[in-house]
Amino acid sequence: MSGPDQCPSTIGTKQPARDRAATTNGTGARGKQLWRSVDEFADSGEFRPFLEREFPSGASELLKSSRRTFMQLMGGALALAGAATLPGCRRPDHKIMTYSRDVPEEIVPGKPLYYATAMPLPGGGAEGVLVKSQVGRPVFVEGNPRHPINQGATSSWSISSTLCLYDPDRLKQPIFRDATGEREATWDDFRAWSSTHFAEFDATNGRGLVILADAKTSPTRDAQRDRLRARWPLAQFISYDPTGENTKTNGLRLAFGRPHGEMLSLESADVIVSVDADPTRHEAASLKNARGFGAARRLEATSDSMCRIYAAECNYTPLGGMADHREIVAPSRLPVVVVEIAKRVFEATGDDASLGRLLGAWDARGPSPISAEWLDAAAEDLLNANGRAVLIAGDSLPAEAHALVAAVNRAIGAVGTTVSYVPLDPESASDGVGQIAEMVGSMRRGQVKTVVTLGCNPCYELPTAIGFEDAFKSVTNRIVLSEGPSETASHATWQLNAATYLEAWGDVTAADGTVSPVQPLIAPLYEGALSDIELLALISSERAAGDFETQPSGYDLVRDVWRSRFDWSDFEQNWKRTLHDGVVAGTSQRGTRGIDASGELYRNVAGVLGSLRPGPVPTDGSLDVVVTVNNMHDGRFANRPWLQELPQFGTMVVWDNPALMSPATAERFGLTPDPYEVKEPKAQMATITVDGRSVDVPVWIMPGMAENTVVLTQGYGRRVCGVVGSGAGFDVQPIRDTSGSRVYTAATVSPARGRYPISSTQNHWSMESRTSIVRTADLPAFEKHGDEKLKTKDSYGKSWKINFGERLGELAHTPPNISIYENPYNESQADAAEGSWYSERPQWGMSIDLSLCTGCGTCTVACQSENNIPSVGKTEVRKGREMTWLRIDRYFTGDPMDPGELYHQPVACVHCENAPCETVCPVNATVHGPTGLNYMVYNRCIGTRYCANNCPYKVRRFNFFDYGVKRLNGGLRDEIPDGTPTPNNINLIPPRLREKLAEIQKMKMNPDVTVRSRGVMEKCTYCIQRINAARYEAKLQDLENIPDGFFQTACQAACPTGAIVFGDLLDESSKAAKAAKDGRSYALLGYLNTRPRTTYKVAMSNPNPALREPVEDPFHDHGSDGGNDYGGDYGEASDGKAAFLDPSKKHTDDGYAVSLRVLSAATGVNA
Amino acid sequence: MSVLFPKWMNAFPTVTALAAVGGLASVSAGTFYYATPDFWEVGYMPTQPGGGFNHQIHAGELGMDCRYCHTNVEDSYHSNVPTVSTCMGCHTEGKLAPEWDPGVEKVGFIRDAYAEDESIRWRKIHHLPGYVGNFPHHMHVQAGVSCYSCHGQIVGMPVVYQAESLSMGWCLDCHRNVDEHIVGPSKVTDLVWVEEHLAERARGEQNATPEAQAIIDALQASKAEGGPQNCGACHH
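Just so you know, the sequences run in chain order A and B. Counted from 1, the first sequence has number 145 at position 145 by the numbering used here; the numbering is strictly sequential. Counted from 1, the second sequence has number 1241 at position 74 by the numbering used here; the numbering is strictly sequential.
Mixed in with the good hints there might be a few duds.
List time: in silico DSS-like cross-link candidates among lysine-lysine, alpha-carbon distance up to 27 Å [stated by the list, open to error]:
id : chain 1 : residue 1 : chain 2 : residue 2
1  : A       : K132      : A       : K576
2  : A       : K801      : A       : K784
3  : B       : K1291     : A       : K1002
4  : A       : K172      : A       : K1002
5  : B       : K1174     : A       : K95
6  : B       : K1291     : B       : K1273
7  : A       : K966      : B       : K1291
8  : A       : K798      : A       : K954
9  : A       : K1002     : A       : K793
10 : A       : K1035     : A       : K996
11 : A       : K111      : A       : K793
12 : B       : K1291     : A       : K95
13 : B       : K1273     : A       : K111
14 : A       : K996      : B       : K1291
15 : A       : K132      : A       : K95
16 : A       : K172      : A       : K954
17 : B       : K1354     : A       : K111
18 : A       : K1035     : A       : K1002
19 : A       : K1035     : A       : K801
20 : A       : K95       : A       : K996
21 : A       : K1074     : A       : K784
22 : A       : K132      : A       : K172
23 : A       : K798      : A       : K1074
24 : A       : K449      : A       : K473
25 : B       : K1354     : A       : K1035
26 : A       : K111      : A       : K95
Everything labelled a hint here was simulated from the structure, so no lab data went into it.
Next up, chain B with everything else stripped away, as it sits in the complex (with noise of 0.2 Å):
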């Protein structure tokens, strides 16, 4: 009987297999990797200079208030990631108790920056896409709406990741609901406390602070402002 089919062809059924299921993985993987919106990635946490500022000592343990550091946030759209020289003002050498002294190793690169005067290059991880305009950080915090709403739970991060997904449905979830948020201008960086309470909330088991449900009547009050929803609140 003539040979229809050479031998090697007996392989053939099983190489398409595994090639078309390569090929599927490779195509989700691409996609996945460089198709889906970078600000999208919750869990993004990137390897920072020097292993990263770690959140969880200074303002967890120590308890640092946000805006030690993070200055603007209350009069800007940027909240600002602090310069090297806030930094040094704990870590200048000798300036800590030895006890409290991180070492050479944790913070020498600090000090390098300051005395070089050179920037230390942290890597973003909340982003927002360019048609987004600026996230003005100031009517956030200024309408009582905790950094742990979109941080997440900083104070218990030794690294920084991205929390939410800031994606415009979940900007949105908030601003169609903002009595689940709000938690009044006094209370915004006391972020253990605000995750207990607004958890609490959820169940009904607490109110609103007085001073939360203040500014949440007068939100829902107005039409236009009411956690804004129109297109041009955002982008322009």
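Looking at chain A on its own, in the form it has when it is part of the complex (with noise of 0.2 Å):
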């Protein structure tokens, strides 16, 4: 990377970064170059000053155009502002409203309370989670403890549950639709109504009704729907997960006879071998997995053990990218690499002749797609591991692949140890999909009268081949439970709007089957909203004609389900314990093996072996599609700004969801995207086309890729959704077939009219080409350095010692750089004189495992839930202006054509101890405390972005807008692919348009915390409101510190893999404490002396010696310690110039160009 370059002793040795490229080792932990995009990779002469800016060029650009325009627009606004009064400034009289008769008297004003509830997953499972509840209003989501697969993690879409619950574009009221118009109407029309509409169906025995529901793990909901079926035996209820195909579990019934889950129990392993498995996301299990991880990477000391991961995959998935050893291979050829390892595998056990036999003579139609030393690498370290080995599969391998891994895990002794299954009720773990596409049959016939959708949203969500939305326009009532506005909504007949999960009583069971309790944290805050078990129960009962009173009640519903199901002798005691716990003890399942016999296994994979047969190899005619989702998984998440707004995994796209290829494919095909230094970067639409079925998309390149494959996410595109997810992205509906599997052979791209601009955050917030950010090393590295501590010098001549992590940075040959002021608090935690600031407890700080961060932006999420973040918009994020805290830096290594592991670096306010920032501000606004913090004093700051400038970090974020007290709302118009005008997205109105706040969307933010308005800058503040709530308790109860574990950052709560850890450092027990003495923990940029609290543990790798050699001496520092001259990003000497003298120093100011081209305009002189 570019950049000044800090070391004395290769000032002016620096190569240019082709060169440097070409010359450094793609492999090992030395000489490894470390990019975002692939802009960054090339080094184009126009890139660097994009990157030495703080913010992106136009950032701090009011207007498109020009400052001119701005003149034009302040002359306005300031006539405006002598003729009118200056309204909003009178006193605000503000109200005291205390309870009055019913006095809750659990709640005390200021304090929260936090109630156990769960989440319904999509697709089935469920999240345990606490609700943290401020004078009755659920603000923010935490884990659940006590529940076995939070064990206290979120996941985004758990956190983002109370944006769904404030989201002011909720239906808010029952709407009746017919040929004449559409009327408003109460819950008590449609019960009078119904009272009569369903029982005209006990003379059909209940044909021609027809129930779609999303999949969901419920009890009391399958119970009601088998109440629906005893009278209605030929009503149709059908639930799906409209995502795919679930070929797991299929696969497992193949293998086992009967449906089953996998349960992973990644702790325990310590070799994963994937293939295009994902198991850290958007799955039931995903938190516990993710834990799994974590706990098998974490290092704590040298002699720990690592567990290693193998990956084989078409696109980065969170665990691939973390794999020690990743191959690329396109979707279609995957199960070859299952057939190939399974082949090693029985060859070596011996296990079942005939399998062994079958798979030696399987058809690969084409070669091994990876090189056969990695198989064998691969399978002899899954057959060596003892049982701790696992081989783990991804949705898009087909059924069959999947029993044949189970057959793999069984030869190599993993079950029991490092998976297990779960059987599961056959009903939930059909897909529906297939039936849903043959019930549109007899709704086309007019054979159906009545559809009711629950919590789904066929009319959108369905591959369009299916051709659901005109069969569902053409029945005559069509009943639509929802939540919020739908494409499925809109053509209701009934449009029913819906209470949320923290609305209305339920239970859920999780993927382990842990039964939970859903209870709600507030009544519904629109007009009798039901839950889905209460439309059912309110369906199946019998009532009286015209009927508008009775309304069974969730509650109800719930308490008589789980009295047949629970064996409980006290029922109410064991119920309100449930409550208090969010989990029903001993419901949580421990695995089976499936079926006992491993003979009986093999023989059944064996028989379905035959039916595996991978795709060709794609090629430039015929090219492998995939189908994915991410966090809008199946579109139902998509009006959550919060989540749009997250930077999705690998491409750091927001708001979008462009088909994915590979650099060469894309160059190939001439679809490439705008480089990144154009101001507005557009990328080119391109035509997918699979047997007939068409998509019009913009494609984004992500290296990494399997060539000749694209990715395409589902969930985008919505048309009908609410503000925020409106016509953000594009529906990729229409190019899935009826059978709405994953994989797609056979495609054609070809490049379509109009290019479509995409908002990315790869090359933001660059922390100014500086080297050394992430720091790797292999296992056998640290277990030989780990320990040692190197001797040097410090700026002013003491000797110190620098550990492991340092020796891998600039420290290693260079002291740090000596403060230039008078810094009355230059000192440090570790060496703070007796009496001092630093000397006293507590001493916060933080430190984050690069081993163990997959990416997956959780963090950033409860940040912004925690500290009311705003979501910015489209057009915004385009000029720099996104306002996480907290951002997740990506880093490819290696080639773009050929890269390797995929490093995340989550980085927030490090809070310097010599913060650079403190000394700029004019006005004292961030200043320093004593507990170690920057704090950041918003009334006081007049918006200079000086300290902005000054951070070498790039961690603060600056309220070009008042975008924390207005909506994302408005009605611009922006450009559609072909360049036309049509309403698109409509967040994308610039900030200054649009609206306040609703008031329901004040409920959401956290009353701890301002709400900052323009102007101001904000970073990462430690969550110093829950210090200081901390700190308050602790006085209260007397204690004389804080303990270790009395409260946790919103960030370290959340993180599903422990890798953000956050104490109190001068508390020797503290994990903290631990962490920053830790042989892998270095300072972010330390030779700056800024001495950063937060600091980083290296990343670390476990290389098969087989594959790759481990590198043993890593370091930085020039010989001393058997490495040679040059470290991590120093190539040979070559062109001698200074660091002074770097071409990237040469600004291009665009608004010194800008008025040099109106002063010529001006004057007739040519500037």
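Using the hints, put the two chains back together into the complex; each one sits in its own frame.
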């Protein structure tokens, strides 16, 4: 990477980046070049000024055009200000409203309450959560420590569920539509109508009645379903997960004879071989898997062992990005990898000769996508781990491959150690999309009289090929229960407003079988909203004609079901306890072996092996297409701005779902997007066609993807969704076939008309191209040197010792900078003088383990929820104005055409002891506190942005507009692909024209954190509101110090892998203090003498020596310890230019250029 | 002689002067009214529903403890305004002896609100700006800072008004001189005693009680906590 060289011994010896890329060794910890985008890797001349700007060019411009427009606008504004009075400045007349007669005793204003509940996950499963309630308002979601899936962590889905609750776009009351138009109705109207309507089905035994529901594992809903079927045996109840065929469940059905779910215990794994698996995201047990991954990779001491990961995949997954050995395989060729590994395993174990023979004779229809050495090494590691190994496969593989994976895991003895199986209810295990396709036929033929949908959106989320929408419109009675506006709800005759899980009673079963109660935190916000179980019970109950009053309550429904389900001697006591704990004790299932007899399993697998046929190797004319999901899932989360604005894994794209291709593939088709230095980069539109079905989508490049492969993402391009989600991205449902499968072969790609703007944060907030930001090492190096300390001299000539982590960076050969300021606090907590600030407890610090960060982004969303951080919208992100305090930098390694590991580095304010921001603030708005925190005092800030300019970590965020107090809304017309103005995503309105927040949205705000207004700088506070609350609590409890673990920061609590540790550095026993003293800890940019309180731990890899020789001496310290003269990023001497002559220093000052043009136009001088 | 100026111009200086004075006055008034931070307004005494709660009678003459109504002041950031049912603890019809009953015209609005289960919309007097985190009442009371120090002699107020400026400088005056204000947790609500005691302490005629002195000593020994003066203690 380019940038000023801080090392006196290497100044002037830096090679141009292009040459360096050619000479660095892409493998091994030494010589790795880290890059975030292809532009950065290529280091084109235009790109450097872009990186050097603190905000991307254009970020600080009010309008698209120039400062001339600005002057015109301001002139107008001044004239107006003179004429008008000053509204809104009148002394606000605040009211205090107390409870009146019915006073809830437990509520103490100012003290939040926490309730245990559970969020049903899309596709089945649940997360157990604790919801924080402030005077009756749910404001924050934390993981329930007692829930076996969460154990305290959360996912971005559950954290953002409070946004869904307070979404102003939610449906607020029932709407009735008929030929004469639409009318607002009430629930009483619906109840009265339904009492007679559903009684009509008694005559036909329910023929003509169809209920569609989202896949959900809820005992009470199942009971309601059974009740409905008991009354109307011919009624159809279909629950489905629209995102794709559940090949894993089906594969285990083939292997075991009945459907099973796979339960991984990654914490027991010494070897993981992943074939396109993505166990840590978007699955029912993701949080458990992520925790297991964290435990398997965690290194506390040099003697610790570390799990080794092999991955073969078509696009980066969080697990694959962390893998020690990763190979890129086209999706249609992935089954070959499973078979090749199985072949080797069965050869070695000789477990089942017939299966082994079949595998040997299996037709791979082409060459193996991975070298034999790699497969040998992976298979050998699987076999030699004594069962502490696991082979996992992803949903893009066919069911037969999953069956074979089960056989391999059995053969290597993994079952019971790293993997076990949970039997599933056959009905909930079926994906239902096939049933719907059949049912659409009868809808078309007019055999369906009434369709009821519960919490699903079939008009959008099903493959277009099924033709559901038209068939649905032909049905006479269309009853849609939906939380927010949806494509299906807009066609409903009865559009009913649903209650969210925070407003209604229910229950739900998690992936491991744990049953949790869903208890409401608040009464339904909008008129009588019902949950799915309440509506089902209403429909199936026998009521008198015209009865509008009888309404079964969710509370009774759940309790009735539980009474018969659980054998409790004292129901009330157990019920109360369950509500308190959030889980029903003893329901967590121990996984089984599927079927006991291995022989039977192998026979089953051998029987289906013949139908496992890999596709041909994809070519230019016949590409592979994978349809995946991300944070939007099937589109149900599209109206949550936090999730829309969370940079997507790998691409860092926000608000869109471009088709992904490898750089080479995109180039061959002429689909390469604009390079990033273009102010508003656009992506080329392309038509992707499979079997006559096609979609038009923009194309974005993703290094590390398989060639001739296209990755599409579902859940975007909602047509009716609310102001946030409507029109964001592109709907890819038209390309899917009626089976809803995820992988398609023989696709063609051609450029389409138009270019489409894409916002990606991948090059934002660059740390001035400084080096040694992410440090990596191989396990043997740590084992050898992890406990050593290198003696060297500090800036003042005193001798000091540096650890393993620091030896990988500049400090190994150059002392830190000396501050030119007389800084009274120029000491650190490590060597604080007696009686000084830093000698007194507590001294806060954080440690982030780069070995464990998978880049999932949960911390970012948790921070946003806790700290009232606004979303800004797509165009604002494009200008570099995103507000998230905690960003996750993503670095590729190696060559863009064949990148290696993916590193993720969460960066928020590191709370420097010698903070550069503090010295430049003209108004002392950012100052230091006695506990080591760098404070940001909003009311002092006048918005000079000097601090952001001087921050080497680029962690300060500026409110260019009133993002926090205005809504994302409007009516802007933005370009659509072919360039004609059409209403696109209406949240793109410029913020200055946005409306104020709706009252309901204000309820989401955390009352302990200031809502920032325009012109104010902000940044991570280490959750100071939580620190202060803990400080008070410790005092009230008469504790001398705040004990470790007394509170957690929002990011720390949310992190699924436990990568973030926070605590008192002076508390010897605290995790944070131990982490700071760890051999792998290093201070990011520590040579600047900023003395950050957040330290990082070196990202470790554990390569197999058979595939790559681990680097044992990766140091940066000029041969003092066996390394060569040049460490990480330094190549051979070449051009001899000193650092300050670096061409990247020549800024292109856009503002200056514009003013020159304006001047020359006015004076006629040719500037 | 030609008329250089029309006759109405004779009034010009007067009109100009008047306009200038008027303009200045309205600018000053406007600035005062619109642009002064509202939490600075010492003496702010809004009209409360039903004429307001008479602290002079309840806390002064009847000697009710502050914490009888402001129940959470020792446990929470907020010192809560009592619920309507707290008022009804005494003012339910027929509960008080006739000679004590203030009569329907005074407490009727409480009974109405209670009957309807509706809030009484009390007007907030002491107001801190949004960029100040919650003012921790519990910490101050536990540290022995009397209600008097911030709210003034409430027991003498028939209608409550803002007694102190609540500006940051005013906060810091106390945080820098904790020894002048701490009276000890056992005395915080004894406002009459506190007023005299603090005045005598200021004149040097009295010493802090042993309970108060212990807290003062502890605070002054701790650099970080000695009446915290760092920004992050309040602003977040």
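Q | Satisfaction of hint between K801/A and K1035/A, Cα-Cα up to 27 Å | A | Violated, at roughly 38 Å.
Q) CA of K801/A to CA of K784/A, is that 27 Å or under? A) holds, 17 Å
Q) Are the Cα positions of K1174/B and K95/A separated by 27 Å at most? A) Given that 27 Å is the threshold and the Cα spacing comes to 57 Å, the pair is violated.
Q.
K449/A and K473/A were given as a pair; does the straight-line alpha-carbon distance stay at or below 27 Å?
A. holds, 11 Å
Q) Can the restraint linking K172/A and K1002/A be considered satisfied, given a maximum Cα separation of 27 Å? A) Holds: K172/A and K1002/A sit about 17 Å apart, inside 27 Å.
Q. Within a Cα-Cα threshold of 27 Å, do K1291/B and K95/A meet the stated pairing?
A. OK: K1291/B and K95/A at ~5 Å, within 27 Å.
**Q.** Straight-line alpha-carbon gap K798/A to K954/A, limit 27 Å
**A.** violated, 31 Å
Q | Pairwise hint evaluation, K172/A against K132/A, where the allowed Cα distance is 27 Å at most | A | It holds: about 24 Å lies between the C-alpha atoms, which stays within 27 Å.
Q | Distance restraint between K1002/A and K793/A, which requires alpha-carbon spacing of 27 Å or less | A | violated, 54 Å
Q: Would you check the hint for K111/A and K95/A, treating anything up to 27 Å between C-alpha atoms as holding?
A: Distance of about 20 Å is within 27 Å: holds.
(Q) For a C-alpha distance cap of 27 Å, please report whether K798/A and K1074/A respect it. (A) Satisfied, since the Cα-Cα distance of roughly 25 Å is no more than 27 Å.
Q. If you draw a straight line from the CA of K1273/B to the CA of K111/A, is it 27 Å or shorter?
A. violated, 33 Å
When held up to the earlier numbered hints, the structure conflicts with 5, 8, 9, 10, 11, 13, 16, 18, 19 and fits the remainder.
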